[in-house]
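Put together the whole structure using the sequences plus the hints.
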Amino acid sequence: MDPARWAIVKAEFARVRALPADARPAALADMGADIGAEVASLLAALDRAMPALDGERIGPVASIGDAAPPRQRIGPWRVLDTLGRGGMGVVYRCERQADDVVLRAAVKVVAGVADSSDVARRFRAERRILASLDHPGIARLLDGGTTDDGLPYFALEYVDGVPVTDYAATHTLDVRARLALFRRIGDAVAFAHRRLVVHRDIKPGNILVAADGTPKLLDFGIAKVLSTEGEEAGAGDGDRARLDDAGLREPGAAARRAHDDRLRCVLARARALRAVDRYLRLASRLEPHRRGTGEARGRHSASVDRGAGT
Amino acid sequence: MADITDLLQRWQDGNADAFDELVPRVYDELRALAARLLRNERPGHLLDTGALVHEAYLRLVDQTRMSWSGRAHFFGAAATAMRRILVDQARRRLADKRGAGAIHEDIDVAVTLSVEPNLDVLAVHEALSALADFDHELSRLVELRYFAGLTLDETANVMQVSPQTISRDWTVARAWLSRRLGEDGGPGAPAGLP
Numbered sequence: 212m213d214p215a216r217w218a219i220v221k222a223e224f225a226r227v228r229a230l231p232a233d234a235r236p237a238a239l240a241d242m243g244a245d246i247g248a249e250v251a252s253l254l255a256a257l258d259r260a261m262p263a264l265d266g267e268r269i270g271p272v273a274s275i276g277d278a279a280p281p282r283q284r285i286g287p288w289r290v291l292d293t294l295g296r297g298g299m300g301v302v303y304r305c306e307r308q309a310d311d312v313v314l315r316a317a318v319k320v321v322a323g324v325a326d327s328s329d330v331a332r333r334f335r336a337e338r339r340i341l342a343s344l345d346h347p348g349i350a351r352l353l354d355g356g357t358t359d360d361g362l363p364y365f366a367l368e369y370v371d372g373v374p375v376t377d378y379a380a381t382h383t384l385d386v387r388a389r390l391a392l393f394r395r396i397g398d399a400v401a402f403a404h405r406r407l408v409v410h411r412d413i414k415p416g417n418i419l420v421a422a423d424g425t426p427k428l429l430d431f432g433i434a435k436v437l438s439t440e441g442e443e444a445g446a447g448d449g450d451r452a453r454l455d456d457a458g459l460r461e462p463g464a465a466a467r468r469a470h471d472d473r474l475r476c477v478l479a480r481a482r483a484l485r486a487v488d489r490y491l492r493l494a495s496r497l498e499p500h501r502r503g504t505g506e507a508r509g510r511h512s513a514s515v516d517r518g519a520g521t
Numbered sequence: 004m005a006d007i008t009d010l011l012q013r014w015q016d017g018n019a020d021a022f023d024e025l026v027p028r029v030y031d032e033l034r035a036l037a038a039r040l041l042r043n044e045r046p047g048h049l050l051d052t053g054a055l056v057h058e059a060y061l062r063l064v065d066q067t068r069m070s071w072s073g074r075a076h077f078f079g080a081a082a083t084a085m086r087r088i089l090v091d092q093a094r095r096r097l098a099d100k101r102g103a104g105a106i107h108e109d110i111d112v113a114v115t116l117s118v119e120p121n122l123d124v125l126a127v128h129e130a131l132s133a134l135a136d137f138d139h140e141l142s143r144l145v146e147l148r149y150f151a152g153l154t155l156d157e158t159a160n161v162m163q164v165s166p167q168t169i170s171r172d173w174t175v176a177r178a179w180l181s182r183r184l185g186e187d188g189g190p191g192a193p194a195g196l197p
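If you're matching them up, the sequences are chains B and G in order. Under the numbering used here, the residues of the first sequence are numbered 212 to 521, in order. Under the numbering used here, the residues of the second sequence are numbered 4 to 197, in order.
I should point out that these hints are in silico values taken from the structure, not numbers from a laboratory. Note that beta-carbon positions come from the ideal geometry of N, C-alpha and C, so glycine has one too.
So, partial list: chain B residues that the calculated Cβ filter (under 7 Å) puts toward chain G:
#1 Pro214
#2 Trp217
#3 Phe224
#4 Leu253
Only part of the chain G face toward chain B is listed, based on derived beta-carbon distances under 8 Å:
#5 Phe137
#6 Asp138
#7 Arg171
#8 Thr174
#9 Val175
#10 Arg177
#11 Ala178
#12 Trp179
#13 Ser181
#14 Arg182
#15 Gly185
Right, here's the structure in full:
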């Protein structure tokens, strides 16, 4: 690309992005077809920009290579294979014999925490509460501790599933099915909130859907245990405090943290609704060919509004 | 041989040759450091490049002789070095996978690079080279963020622009990269709707 033209595109991109969404089409139309198309395609690309590039500190992770021997045991757990690895550590599929049943677990060994004894301490403080989260939509915390080489680990109920976003895409769920799924996830979150446990890290990768369609939330409360901030992290945040509504005005960091999660929840809903909205726009274009009426669209919108109202 | 602190100082004083001398030195040091750190760790331990670069700074540069802007210069060189390390590793892995029978000269290190989530180091490297042709500064920004793992504020320091400018440019860079990587059906590709 020509540097001079790119400079214009860059400036226009920043300008248009600062505009409210409904003012953007007019602004794009004003700037000449080729620049406008370029800016529009960048805006669209930003919407699907990789989350890997979103975070504050980003980048590749170096690890010991494939040549390294895998772990055999983690605490009482026997390692079967590796499920995945990420910035936080490695997750293993494990099992252990308990009386006459074989328990399966996803065991997460946490690497890269500054002070693992701190994590272990917080874990002991939290484990009773976390272990009490008995809900079909929440992967149970089974056990946790420190590996022989001093790294903290958590054993979670093993869920044979895929991230909710992948599930929705591969099963080509329609809007109704997506919202139904979403509602079940919301129920699980609400269950935990009633026990004053917040997730703190709800994201598609932490919501797995089993083959039978049951969603399960992973890592409930783990983010808090791993937090490097103090116990009251986020409590005094002015912006958030101002957003408090009557239902959450009681004092206490737990309520504020619950609120924190609630906001995330709303955000997730908004995102789902944006997808719904795109779907409806697409559907309304197809609708005349199929049924010749816009009635279906109205019905969808009504159910969407109800879904968003809580 | 001049030490790294001296090279940094010469580069800061406007000696461009010092940078060319600096990068391979930092390259070697970063690799050695990664090997040393990983050797003391159990299998599966992850070491992010940002932590590595910061660790390298503390170990390699004489803090008493280095100013704040020297620190920024170091991260600038380290980002370039880290990028080369990652790209070299990715290429070697690719060659191995193709059954070229190449033998790791550093099998004991075996620093593999797992990128989260599956962002392809080589794809990012090639995209950045293309970007540098028409916007060198933007390419540099991504290099600092992605390969040296610097935060936005640290990046602003290295590039000597305001955090606001960095934040704005970072958004453009993300959009451009996402579009570019999405073209190949990479991880930036949009999720399908029903």
